[in-house]
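Novice: First to last, the sequence lines map onto chains A and B.
Residue numbers for the first sequence, in my numbering: 1 to 112.
Residue numbers for the second sequence, in my numbering: 1 to 146.
Only true hints are included.
Keeping only pairs whose Cα atoms sit at most 25 Å apart, straight-line, the calculated DMTMM-like set for lysine to aspartate or glutamate is:
1) B:120 <-> A:76
2) B:9 <-> A:84
3) B:50 <-> A:35
4) B:120 <-> B:23
5) B:118 <-> B:16
6) B:9 <-> A:3
7) A:8 <-> B:23
Note that these hints are calculated values from the structure, not bench results.
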Amino acid sequence: MRESIIMKIHYGTALASIGLVAVHILMRLTQDYAESLEYANVIRNYYFLPYAGMLEIILILLSIHGFIGLRVILLELKQGRIYEKVISYSCFIAMIGLITYGTRTIIMVNMG
Amino acid sequence: MTNNSENKKGIGGMIDPRRYGIERIAYLLMRLSGLGLLVYFIAHIYETSKILQGQFGWNEMIASTQTTHGHIILAIIIGMCVFHTVNGIRVMLGHGGVGVGTPTRPDYPYSPASQNIKHKIGIYSAIILAAIAMMYGLAVMFGELK
Numbered sequence: 001m002r003e004s005i006i007m008k009i010h011y012g013t014a015l016a017s018i019g020l021v022a023v024h025i026l027m028r029l030t031q032d033y034a035e036s037l038e039y040a041n042v043i044r045n046y047y048f049l050p051y052a053g054m055l056e057i058i059l060i061l062l063s064i065h066g067f068i069g070l071r072v073i074l075l076e077l078k079q080g081r082i083y084e085k086v087i088s089y090s091c092f093i094a095m096i097g098l099i100t101y102g103t104r105t106i107i108m109v110n111m112g
Numbered sequence: 001m002t003n004n005s006e007n008k009k010g011i012g013g014m015i016d017p018r019r020y021g022i023e024r025i026a027y028l029l030m031r032l033s034g035l036g037l038l039v040y041f042i043a044h045i046y047e048t049s050k051i052l053q054g055q056f057g058w059n060e061m062i063a064s065t066q067t068t069h070g071h072i073i074l075a076i077i078i079g080m081c082v083f084h085t086v087n088g089i090r091v092m093l094g095h096g097g098v099g100v101g102t103p104t105r106p107d108y109p110y111s112p113a114s115q116n117i118k119h120k121i122g123i124y125s126a127i128i129l130a131a132i133a134m135m136y137g138l139a140v141m142f143g144e145l146k
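Given the sequences, and given the hints that come with them, work out the whole structure.
Specialist: Listed below in structure tokens is the structure:
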């Protein structure tokens, strides 16, 4: 994939996640902070399908953004054909792993 | 072919913020905050998965984070998040050609048009907003604000 496309994805995921993460944080402030973290409240959040969907979108956006960012930092440090391939594939695999693990939590809690 | 391996300073070169002004410090902070946020994000995904262990597992995890140390770490995360967001928007605008000046003939003393007051204000704004958000976060977490 061309670097310009990767950077467009990097910036696009950043802009998209700003608004969604703001909603996610504001949900903690709709009531008392400690109260909002109580088990029953958090479970209720996961059962509410639009919110669970939003968590899944945030998970995907931030995983993509985070691991592209990590890739950029690592490629700034060192260059080379094999090194760049190893970093790119490692970041991609880690990203898929994190999305899978987070999705598993969202689905399992949402399904009860 | 000339050997330029001596120009590769590695991590030492990347984390040295001296000599190039606030823009270089912003570059360093952007990378540090990015790495910090990625580590937090992974930890957050892991800690929220504790909800699958039921109420006991969740309460145990929450209790381990609701400490003075936990609040301070979270305040630093808030600061990194705000700085990374505001400075990231500045960087994106700069890459899009916004606020970087127009091309002119290079005349002495060769002040670079792209490193202008607009972007410096952007960097300082990011730092100030991050500090305000950290203070607000600490006030909420320590129960000063509801």
